[in-house]
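Number of protein chains: 2
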Amino acid sequence: MITSADNTQLKLIRKLRRKRGRDESGLFVAEGEDLVEAAAAGGWDPEVLLVAGEDVEPELLDRVSSLGSGSRVVGVYRQRWADAGGELSLYLHGVGDPGNVGTAIRSAHALCDGPVVLGPGCADPFSPKAVRAAMGSLFARPPARAEWGELRGFRLALHGRAEAALSDLATQVKPPVVLCVGAEREGLPEELVQTADAVARIPLRDGGPESLNVAMAATVGLYELGNRMPADG
Amino acid sequence: MITSADNTQLKLIRKLRRKRGRDESGLFVAEGEDLVEAAAAGGWDPEVLLVAGEDVEPELLDRVSSLGSGSRVVGVYRQRWADAGGELSLYLHGVGDPGNVGTAIRSAHALCDGPVVLGPGCADPFSPKAVRAAMGSLFARPPARAEWGELRGFRLALHGRAEAALSDLATQVKPPVVLCVGAEREGLPEELVQTADAVARIPLRDGGPESLNVAMAATVGLYELGNRMPADG
Numbered sequence: 001m002i003t004s005a006d007n008t009q010l011k012l013i014r015k016l017r018r019k020r021g022r023d024e025s026g027l028f029v030a031e032g033e034d035l036v037e038a039a040a041a042g043g044w045d046p047e048v049l050l051v052a053g054e055d056v057e058p059e060l061l062d063r064v065s066s067l068g069s070g071s072r073v074v075g076v077y078r079q080r081w082a083d084a085g086g087e088l089s090l091y092l093h094g095v096g097d098p099g100n101v102g103t104a105i106r107s108a109h110a111l112c113d114g115p116v117v118l119g120p121g122c123a124d125p126f127s128p129k130a131v132r133a134a135m136g137s138l139f140a141r142p143p144a145r146a147e148w149g150e151l152r153g154f155r156l157a158l159h160g161r162a163e164a165a166l167s168d169l170a171t172q173v174k175p176p177v178v179l180c181v182g183a184e185r186e187g188l189p190e191e192l193v194q195t196a197d198a199v200a201r202i203p204l205r206d207g208g209p210e211s212l213n214v215a216m217a218a219t220v221g222l223y224e225l226g227n228r229m230p231a232d233g
Numbered sequence: 001m002i003t004s005a006d007n008t009q010l011k012l013i014r015k016l017r018r019k020r021g022r023d024e025s026g027l028f029v030a031e032g033e034d035l036v037e038a039a040a041a042g043g044w045d046p047e048v049l050l051v052a053g054e055d056v057e058p059e060l061l062d063r064v065s066s067l068g069s070g071s072r073v074v075g076v077y078r079q080r081w082a083d084a085g086g087e088l089s090l091y092l093h094g095v096g097d098p099g100n101v102g103t104a105i106r107s108a109h110a111l112c113d114g115p116v117v118l119g120p121g122c123a124d125p126f127s128p129k130a131v132r133a134a135m136g137s138l139f140a141r142p143p144a145r146a147e148w149g150e151l152r153g154f155r156l157a158l159h160g161r162a163e164a165a166l167s168d169l170a171t172q173v174k175p176p177v178v179l180c181v182g183a184e185r186e187g188l189p190e191e192l193v194q195t196a197d198a199v200a201r202i203p204l205r206d207g208g209p210e211s212l213n214v215a216m217a218a219t220v221g222l223y224e225l226g227n228r229m230p231a232d233g
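Going down the list, the protein sequences come from chains A and B.
Numbering-wise (this note's numbering), the first sequence opens with residue 1 and increments by one.
Numbering-wise (this note's numbering), the second sequence opens with residue 1 and increments by one.
Among the hints, a few may not be true.
Only pairs whose alpha carbons sit at most 30 Å apart, straight line, appear in this in silico DSSO-like list of lysine-lysine [unchecked claim]: (1) A/Lys129 - B/Lys19; (2) B/Lys19 - B/Lys129; (3) B/Lys11 - B/Lys129; (4) B/Lys15 - B/Lys129; (5) B/Lys129 - A/Lys15; (6) A/Lys129 - B/Lys129.
Stretches of chain A that chain B covers, calculated by requiring three or more beta carbons in the stretch to come under 8 Å of a beta carbon on chain B [what the hints assert, rightly or not]: (7) 111 to 117; (8) 126 to 137; (9) 211 to 217.
If you are wondering where the hints come from, they were derived from the structure by calculation, not from laboratory data.
Note that this is a predicted model, so its numbers are computed, not measured.
All residues carry an ideal CB built from backbone N, CA and C; glycine is no exception.
Start from the sequences and build out the full structure, keeping to the hints where you can.
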């Protein structure tokens, strides 16, 4: 039973709250029984697994938790990255909010067969907020990393000022399709929009907000394409 | 220039971070230039408006901010509630996460003409997290409150185990339509599902998560209905 905050495992968990600690070690933290169970179900063995009251004094575990409420179980895992691919996948560019990255990972797991591919400027998917938002989907479908030029498939970019509505394009594209979504305010950089295979917009009402939240836009896009794009061949 | 943390206006802002303070006063706080501008654009006059360095010492304003980064501008506004209505609107039941409530308000403003109607068990839309997630849409399209039995229109409930796919039902419903979405884990209570006018599911992949995040599900639902339900008459 761990009874000191100076314990090596607790120190590691504290260190992994910071990006630098995760980058240096290649590890990350998942908190709570649901996530730890999802990891086990996906065949991920924890490097460290601490259960409050069994392995560690509950108060000490609460103190290293990133949740306001504290955690009964905390696991440390080795980061995994998938390869890009799939009939339908999602590419995010410059999406700096970890909650949006995590939510997109969950939506992609529910709606398409390919991973979320993270381009430059995206938040760390293994940060505490991203892990929480992705829920078990981070373990079931780890993200990939790629540059724009490395994407394989039909690059369909979402852009607020595109002429074509997504619903019209969705029935015309052929898999593999990569739905490409940029950061909320800036959108995709102009050179990416120019070199995409097609550009589409999600029609929004006049007088409403200029854009949807980036995770919302990605989810709507994956839903529309998943439902309406023709099957391969 | 306010130079003391004991100032009445700063005390009020601190008080409004708590639900009880908001309920008792009927006021709420919006932080940051974007939100304060959106309020002004929507014709909302602030009860209090504090600009760092002009009205108050920046450090004092930072200390009452709910944002980690502090705020340069903080406004206090009187809560407004809209009436339910519209050709297409969204009813949330038991959605306790303020970020989800706020995001749904933003999506509804972008995708449908009616307000978000909050049923029992929903988070306070005027809490700091909800205000932030809703962005300017909270001012442009305030939420409504109603019980299930008070909803007017065709009540289309989203439910993970419904037989009909949303895409099939969307072309058959007639406005006014109220899309009804429940809390993430529990979904809509059984008696609501039983008394809805129709029940539909968003098709998810086998082996993926059991559900989408509630704000995602609501956004996909509004998108699908907004694009495909027949116009009135």
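Hints, one by one, checked against the model:
1. Our distance criterion of 30 Å between C-alpha atoms is met by lysine 129 of chain A and lysine 19 of chain B, whose separation comes to about 24 Å.
2. In summary, the hint linking lysine 19 of chain B to lysine 129 of chain B is supported, as the alpha carbons are separated by about 12 Å, within the 30 Å threshold.
3. Proximity of lysine 11 of chain B to lysine 129 of chain B is assessed by CA-CA distance (about 19 Å); at most 30 Å being required, the pair is judged to hold.
4. Restraint check for lysine 15 of chain B and lysine 129 of chain B: satisfied, since their Cα atoms lie roughly 15 Å apart, inside the 30 Å limit.
5. Our distance criterion of 30 Å between C-alpha atoms is met by lysine 129 of chain B and lysine 15 of chain A, whose separation comes to about 27 Å.
6. Of the pairs offered as hints, the one joining lysine 129 of chain A and lysine 129 of chain B holds, with about 15 Å between alpha carbons and a cut-off of 30 Å not exceeded.
7. Here the segment 111 to 117 of chain A counts 3 residues with a CB under 8 Å from a CB of chain B, which clears the bar of 3, and the coverage holds.
8. With a threshold of 8 Å between beta carbons, the proposed coverage of the segment 126 to 137 of chain A by chain B holds, since 4 of its residues qualify and at least three are required.
9. With a threshold of 8 Å between beta carbons, the proposed coverage of the segment 211 to 217 of chain A by chain B holds, since 5 of its residues qualify and at least three are required.
Comparing the model with each numbered hint stated earlier shows that all of them hold.
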